[in-house]
Amino acid sequence: MRAGLALGLTVCLAVAQAAPLTVCTEAAPDGFDIAQSESAVTVDAVGNTIFDQLLMYKRGTTEFVPGLARAWRLSADGLQLTLELRPGVKFHSTPWFTPTREMNADDVLFSFQRMADAKSPWQAVAKGGFLMWHGTGMGDAIKAVEKVDAMTVRLQLKQPNALMQTLLANQFNSSVYSAEYGAQLLKAGKPELINTQPVGTGPFVFKSYQKDAVLRLSTHPGYWGSKPQFDQLVVAITPDANVRVQRLKAGECLIGANMRGETLGGFDGTAVKVQSEVGLLTGYIALNTQRKFLSDKRFRQALALSFNKASYIQSVYGGRALPAASFLPPSQWSHDKGLSSRFDVEQAKALVKASGYDGTELTIFTRIGGSIDGRRAAELMQADWAKIGVKVRVQMMEWGEMLRRTGAGEHDITFLNWAGDGDPDSFVNPNLSCDGVSAGNNKSRWCNKAFDALLAKARAHSDQGQRSQLYVQAQRMVAEEVPLIPTVYPQYFTAVNQRVRGFKSSPFADLDFRGVSLP
Numbered sequence: 001m002r003a004g005l006a007l008g009l010t011v012c013l014a015v016a017q018a019a020p021l022t023v024c025t026e027a028a029p030d031g032f033d034i035a036q037s038e039s040a041v042t043v044d045a046v047g048n049t050i051f052d053q054l055l056m057y058k059r060g061t062t063e064f065v066p067g068l069a070r071a072w073r074l075s076a077d078g079l080q081l082t083l084e085l086r087p088g089v090k091f092h093s094t095p096w097f098t099p100t101r102e103m104n105a106d107d108v109l110f111s112f113q114r115m116a117d118a119k120s121p122w123q124a125v126a127k128g129g130f131l132m133w134h135g136t137g138m139g140d141a142i143k144a145v146e147k148v149d150a151m152t153v154r155l156q157l158k159q160p161n162a163l164m165q166t167l168l169a170n171q172f173n174s175s176v177y178s179a180e181y182g183a184q185l186l187k188a189g190k191p192e193l194i195n196t197q198p199v200g201t202g203p204f205v206f207k208s209y210q211k212d213a214v215l216r217l218s219t220h221p222g223y224w225g226s227k228p229q230f231d232q233l234v235v236a237i238t239p240d241a242n243v244r245v246q247r248l249k250a251g252e253c254l255i256g257a258n259m260r261g262e263t264l265g266g267f268d269g270t271a272v273k274v275q276s277e278v279g280l281l282t283g284y285i286a287l288n289t290q291r292k293f294l295s296d297k298r299f300r301q302a303l304a305l306s307f308n309k310a311s312y313i314q315s316v317y318g319g320r321a322l323p324a325a326s327f328l329p330p331s332q333w334s335h336d337k338g339l340s341s342r343f344d345v346e347q348a349k350a351l352v353k354a355s356g357y358d359g360t361e362l363t364i365f366t367r368i369g370g371s372i373d374g375r376r377a378a379e380l381m382q383a384d385w386a387k388i389g390v391k392v393r394v395q396m397m398e399w400g401e402m403l404r405r406t407g408a409g410e411h412d413i414t415f416l417n418w419a420g421d422g423d424p425d426s427f428v429n430p431n432l433s434c435d436g437v438s439a440g441n442n443k444s445r446w447c448n449k450a451f452d453a454l455l456a457k458a459r460a461h462s463d464q465g466q467r468s469q470l471y472v473q474a475q476r477m478v479a480e481e482v483p484l485i486p487t488v489y490p491q492y493f494t495a496v497n498q499r500v501r502g503f504k505s506s507p508f509a510d511l512d513f514r515g516v517s518l519p
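Residue numbers in the sequence shown follow UniProt numbering, run continuously in steps of one, and reach 519 at the last position.
No lab work stands behind these hints: they were computed from the structure.
You may find that some hints are simply not true.
Label pairs and their calculated CB-CB ranges [stated by the list, open to error]:
1. K337 / C434: 39 to 49 Å
2. A124 / S93: 25 to 35 Å
3. P519 / D77: 26 to 36 Å
4. R405 / K449: 38 to 48 Å
5. R73 / K211: 37 to 47 Å
6. T61 / L322: 20 to 30 Å
7. Q80 / P323: 42 to 52 Å
8. T360 / S208: 14 to 24 Å
9. V148 / T61: 29 to 39 Å
10. Q290 / A124: 19 to 29 Å
11. T61 / K449: 34 to 44 Å
12. P519 / P330: 33 to 43 Å
13. T270 / C434: 32 to 42 Å
Glycine included, every Cβ here is placed at the ideal spot set by N, Cα and C.
Make a model of the complete structure from these sequences and hints.
This is the structure in structure tokens:
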């Protein structure tokens, strides 16, 4: 039934406009205001399509290139960052908004201030808050945002911060919105529409969205950068991994995002080729340290010691992953090679007993769909922990619901992947800092002041060697305290039809269609 529905949907899409590039994704975006999100799925649908950032990355690399800021310079004392904006950048014209001018400094100020100002009317319509503004430390880094002139913005920093280029290339923090459109929505008393009727400067314009089914975007005719060489981008939301394979083989989808490793053999002898990327990606189990028993380090250590990573990698990833000992992946500078995983069921049993665990059933939250079989993965954890006397129940839910509920701390245990952006702080700060707890990114809800002090010290240094030493200390603290269990360094698979030209896999495990053509 589900396969039939998917096939029928594609026929309708094909009639709507000739020669679209149709992409199969595993989940729906959680909205279209990227600043409210923390979801990689939303980055694919919105962050690199509808919006541009002040700084960007050269496609397929971690190299910074000019984006909406064509140049930037840091003062000698490291406390002022001046951004020279790109002239001639046009916002999208849509049925709900017609811009009267090109992008300027007012738009950058609006984009930052709606996240930074706690009294802003935009705070009330951001249901979960501006998660990554706080979770990445962007909000703590900036003292003030100033308009120097129509095309120049100056950021006043609270202290020297080695992360500023990385933060200004982050889709969640640094996407630029139209101040004119914001004023129009406020005047109409409908600021919430920024999340359903988006307006950006990116290579694609929002056309329509059928919830949990299909997103339609058209190419932005006035785009300043490298234009995609096709008319329409269609995002077909296809949670079932096998249905994604069927649609790709049939040519109904030309790109398949975040494919499961066990399905890749289905493309042998077809026009579909698989691109793989190890990249800046780590799988992990988040243990809610604010919950009974999980607040005890000994109990968390027991769960880590009894988790069989070798079996997990074979059963869930088909062997296409490496066991993780650190939260930072091997491709991330400052990765601690000295850490190793231990598997010791007997010691785990002793730690469970010492913790005073009384047999209370814990709950694992996992998602429907995704790049792995969430139920199978959770049941393997359940079986491993049953061997040390820990009872666990598996609860399945949609991706958006899982993010919302784990952000609010309703879970005992959950597991996810995290993709960094080239700086180690992008792993540890959102997921392990005290700010990350209040922002909702830190699913372990672990707040350790000594750990936060290490991160702050690392951000203040410009020397990468000194920063690396501090991040190694941070990794060892995490290994001892076990707020989370690093599980795997997975490969990220993207299936691409040979008709698609110029697509490049990203080390950040996201999708970028700039410069892509479809003959």
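Hint by hint, where does the structure go against what was stated? Just the numbers, ascending. Violated hints (numbers, rising): 1, 3, 4, 8 and 13; every other hint is consistent with the structure.
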